[in-house]
Every structure is written in structure tokens, then in C-alpha cells.
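Let the hints inform the model, and build the full structure from the sequences given.
If you're matching them up, the sequences are chains A and B in order.
Our numbering numbers the first residue of the first sequence as 1 and each following residue consecutively.
Our numbering numbers the first residue of the second sequence as 1001 and each following residue consecutively.
It cannot be assumed that every hint is accurate.
Claimed, not checked - Partner residues aside, some chain B positions facing chain A, computed with beta carbon under 7 Å:
1) Trp1039
2) Ile1042
3) Val1043
4) Thr1074
5) Ile1093
6) Gly1094
7) Cys1095
8) Ala1100
9) Cys1102
10) His1108
11) Met1190
12) Gly1191
13) Pro1192
Hints in this document: simulated from the structure, not taken from any laboratory.
The C-beta atom is built at its ideal place from N, Cα and C for all residues, glycine as well.
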Amino acid sequence: MEGEATVVYNVFHEPPLGLPIAIYFYMTGLSAGSFIMSTLAYGFGIKRYKPLGKVGVVLATLLLVMAPLNLIIDLGQPLRFWHLFPYLQATSPITYGSFLLTLYPLNCLVYGAFMFAGNMRLTTMFGRIGIPLAISVHGYTGFILALAKARALWNTALMPMYFLISAMVSGIALMMLVVVIKSRFFTPERKVNRELAFDLGRMLAWTIVLDLFLVLSDVLVLLTADSEAREAAMLILTGKFSPYFLGVELLAGSLIPVLLLLLPFTARRLPAMLVSSVLAMIGVFAMRYVMVIGGQSVPLS
Amino acid sequence: MSGPRFAMVIDVRRCVGCHACAVACKSENAVPLSVWRGWLKIVEKGRFPNVSRPIIPLVCNNCANPICVRNCPTQATYQRQDGIVMVDPHRCIGCKYCIASCPYDVRHLNPMKKIVQKCQWCHHRVDAGLQPACVNTCPTGAMVFGDLSDPEAEVSRTLATHSVQVLKPEKDTGPQVYYIGADQTAMRTMGPVGGGE
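Here it is, written out as C-alpha cells:
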């Protein structure tokens, strides 16, 4: 650095994007993850995931109907939200979102309707159409952050992938929780579907491992890129956001679930499954929070 | 290039840190409490007795390649032919994505109108043949505003005959506010009062 320097006067504007945006990212992630889990049986015919089909599509649709409400509430002029369509700007990632957030829930409804009506051929078709939509509806949120080039924590090509993988983490964790609750309380046998829960547990563990690899890549590059990137890395490693990043996202939300799900003496125990799925979901929310709020707390002027 | 292309040169060596530019801007543009379209960043550096207090006047850079225009989802933010980056107050939905995208933190949400606003180089004055309020007010003549397409304009001559810097050139935004004699510590030290290294 250039030696000692202290800011004695400056203007600091309030960070523009707040908690509703983090909640929105979290909900679309949960929705996309649930949808993809739902299509494993109904789009690709993997029989053992059949219990996820209906509950997956119901959750995916509900979450994606609620998610954009966060965006509209967050607008300064909520009643002008329709400007997004007639006046669209093709280069803005929010424009991709306007259309994806319209098409994806519609496709969810159609897919779900055919599933509940028992029309397997059309269910499979709309399930497969929904896969790229689900990936886009969550991938684009990564582009929203990555293309806002002012913020060092956001401006990385890893961001869409990081969002997608963490969306799968939260989606699988939600499905695990739902499968256990559903089979325990809402089936005639009242018996937990242990095999499916353990299967999802393994899937969750390896998705978290992939997510951790992306986090590691991101942080290592941030630490060596430039001064702003290093400052962003230090903010999440040692600064104000380190409890959320290191404590909640990495330790509680990733490492503990991976250990619980893979270590031999906990891997086939239901309480360990439930604890790890809840922790993983909390961890993904912490990731959204650290990214959205933390990303804006490195001053730009 | 056809038609004017406006730019600003700020000779920081002349700035005495009186904040008159910031006050004139507030008054001219009815900028509400808690937000600013232009202001001074003042930094202290060094150790006694070798110290200085560099200043950077900050306004919107009205970039040649503005990321806010690219990212605005409703085309509420647009660039005029003469380079001034505008916000259409009736079109803006207040999504604040432009604020998140701007590398210079010069945009703000109007706390009453709930739309995004910014320094527009007093386009209403410029269109009437006047100088922006800050330039007009500066008692030391540190700020020069004018048309780059006119080689005899003061702004063109100043740019051609001085070594200049811009803020964050690495962001590829093409800032059109050029500084003469700006201190790199002051340009690079970010943060609220008391922050920095």
C-alpha cells in the first residue's frame, strides 16, 4: 500500500440490494432444486425417486410464485413492475429474469397438472422442457450478481455455477426433509422411507463437496486477483461477514453435514440425516446473505 | 463524431476543499437529505510532520461505456448523443440494479420519490447554454466542463495539454471526468469516515 491514509470526509450511499433479494435468490434456488429432483422420476424415469415427483413440483411452483413477490416489494415503484416487459433492455440480466420468472412457473403448473392427471407422456415432456428453464431461472440470478461489475465479490464467472450447485444443495436437502416427514406422517404405512432418505443423503453429501470446491476456487482467486478482490475475500474470511461465511455457510452448512452424511457411524441414522438437511438449507441461506449483503459492503468511493 | 460530446476536467491542484460544488448541486437539483450527486472525498495521509490532505471531487463520470445503461432492465437509464447518462423519472421502477452495478457509487435512490437519481451534469443548464452548477460555483475554477468535439473548447485544450487520470480505468467504463494532479492514495482509499489503511 501507499502508506498511512485515513478518510476524513466522504459520502457513503446505502447498499441498494437488501434482505428481500437474498430471500428471493434462496427461494428460486429451492424451487429449481426441487423441480430438478421432481423430474428424476417423472422426466427421466428413475423409479426410486418417484415419491419426490408430486411433492417436488408442488414446492417448486409455490416457491416460484412467492419468490418474485420479494422482488416486487423491493422495487421503489412496485406498481411500475410491468415496465420490465414493454421497455425491456436486452443486455440486462434482469430482463432474462422477467421472462424466465414468467415461463418457469407456468411450465411447473402444466407439468404438475399432467402429473396429477396421470398423463405420463406429457408429464415427461414438460418435465424435460422444465430442466433448462429451472437451470436458467436460477443460473440467471448468478449472472445478475456477476454482471454488476462494480462488486469484486460478485464479478466472477463462477457465480452462476456457484448459485446452481448451491441451489441443488438446498433442493436436495429440502426433498430429504420432505420425504421423511411425508412418509412418516402422510402415508398409509406411517413408516419412514429410509432407503430413499439415505440415497438422497449421499447425493446431498457429494453436491456439498462440489459446492465446497467452487467456494475454494472462488476464495483462492479473490485472494490473488486485485486489491478490491482481496478486500472482498478478507471481508468474508476475517471481517464482518466471516461468522456467516466461515461459521454458518462452511462449518455448519457444509462440513458438518458432509461428515454426518458420509462417516460410517452416522451415515445410516435418520436423526443425522434430518440434522444435516436442515443445516445444509441454513448454510445455503447464509451463502445468499453473504453474497448479496456482503458483496455490497466493500465501499466503492 | 457528430454533435457535441461533453466531458469534465477537474484540476485537483486548484481545489481548496470548500464543498461549494456539493452545496450548489444540492440546491440546483433539489437533492434530498442523506444523498448526494456530487461531493468531496477528503483523505489524510502520511505521518507528522510529513503529511498532506488530498481531495477528490466526485461526480458522475457519465462514462463512455456505462454499465448502468447496459444493466437497466427498463431503459430508464439511457445515454444522450452528447454522452450525458440520464434517468427517465417516469420509466424507472426503482430496482436499484444500476446502483449495484456502478463502480463509483454515484447513484442513489431518492428517498421521497423512490426512483434512482444521479448527477446528469445539470443537463437542463447545459441545454440552455450554461455550465453545470458545480462548475459555475467553483471559486477557484478547478472544474472545466465543455464539448470535446470542439478542439478549441477549454476542456479540449486542458485535456490535450495536461497529464490526466480517471477513476478505476480497469473497470472499462470509459469515465469522462478527468483529473489533473489527483493523488493516487486518495483515489484508491475507499470507505466511510475513519476507514482506509
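Tested hints:
1. Trp1039: Holds: closest Cβ of chain A sits about 4 Å from Trp1039(B), inside 7 Å.
2. Ile1042: Status holds, d = 4 Å.
3. Val1043: holds, 5 Å
4. Thr1074: Hint holds; Thr1074(B) Cβ to chain A Cβ min 4 Å, cut 7 Å.
5. Ile1093: holds, 4 Å
6. Gly1094: Hint on Gly1094(B): holds, closest Cβ of chain A at ~2 Å, below 7 Å.
7. Cys1095: This interface hint holds because 6 Å falls under the 7 Å limit.
8. Ala1100: holds, 5 Å
9. Cys1102: holds, 6 Å
10. His1108: holds, 5 Å
11. Met1190: holds, 4 Å
12. Gly1191: holds, 4 Å
13. Pro1192: holds, 5 Å
Checked against the numbered hints above, the structure violates none of them.
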